[in-house]
Amino acid sequence: DTGVSQNPRHKITKRGQNVTFRCDPISEHNRLYWYRQTLGQGPEFLTYFQNEAQLEKSRLLSDRFSAERPKGSFSTLEIQRTEQGDSAMYLCASSFPSGVQTYNEQFFGPGTRLTVL
Amino acid sequence: QKEVEQNSGPLSVPEGAIASLNCTYSDRGSQSFFWYRQYSGKSPELIMFIYSNGDKEDGRFTAQLNKASQYVSLLIRDSQPSDSATYLCAGGWVGGFKTIFGAGTRLFVKA
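For the protein sequence lines, the chains are A and B, in the order given.
Take the first sequence: its position 16, counting from 1, is numbered 16 in this note's numbering, and each next residue is one higher.
Each number in this note's numbering corresponds to the 1-based position in the second sequence with 1000 added.
Note that these hints are calculated values from the structure, not bench results.
With a cut-off of at most 20 Å between alpha-carbon atoms, the simulated DMTMM-like pairs for lysine to aspartate or glutamate come out as follows:
| # | chain 1 | residue 1 | chain 2 | residue 2 |
| --- | --- | --- | --- | --- |
| 1 | B | 1002 | A | 105 |
| 2 | B | 1098 | A | 44 |
| 3 | B | 1042 | A | 24 |
| 4 | A | 57 | B | 1003 |
| 5 | B | 1042 | A | 86 |
| 6 | B | 1098 | A | 105 |
| 7 | B | 1002 | A | 56 |
| 8 | B | 1056 | A | 105 |
| 9 | B | 1098 | A | 56 |
| 10 | B | 1098 | A | 68 |
| 11 | B | 1042 | A | 44 |
Note that this is a predicted model, so its numbers are computed, not measured.
My request is simple: use the sequences and hints to build the entire structure.
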């Protein structure tokens, strides 16, 4: 399977615990995105990497959230001191290498569903 | 603030009919638009993208873009019950990276 993969698929945690999610993008894609989606809403942008560089982080993202992509391949998203409001589907997407004319079609992984009790 | 607006629905059509899904956007700088299909509990799946005014057809799907009216639509011909899903409209910028998603329109195709 050469699509975007995410692990774990489901995570249940208690409030105050730290959680970490992993995303493996499509191998030739150098752009990687993290989104959060809650019921009835579209995906909300969290952060973006081009290769290993984190080029933008949403202003909506608190300091409890951090993401890395150390070798420009897989990425991790960590949430510290989880709160009940963090419960959501966390989606990772990747897109084609940038060029003169790219329209940034993003391909999503299956997501990690986080439940904070 | 860049926004993409969609009617949340639900939109209900009989099997075999044409389903018409609409989307408006606020930023005239938006240059590329995407339609994603999302089944309940699953992640979004890219159906089509469009960046030029007019129509773009792919099988049973036609995307339409009117930049003057800041309006994007998706037509699904010969709708099937398996088309029942939430359809997300998203806008982006050529050469840029950020994509803004609408909240989605739920479509039900009745057998």
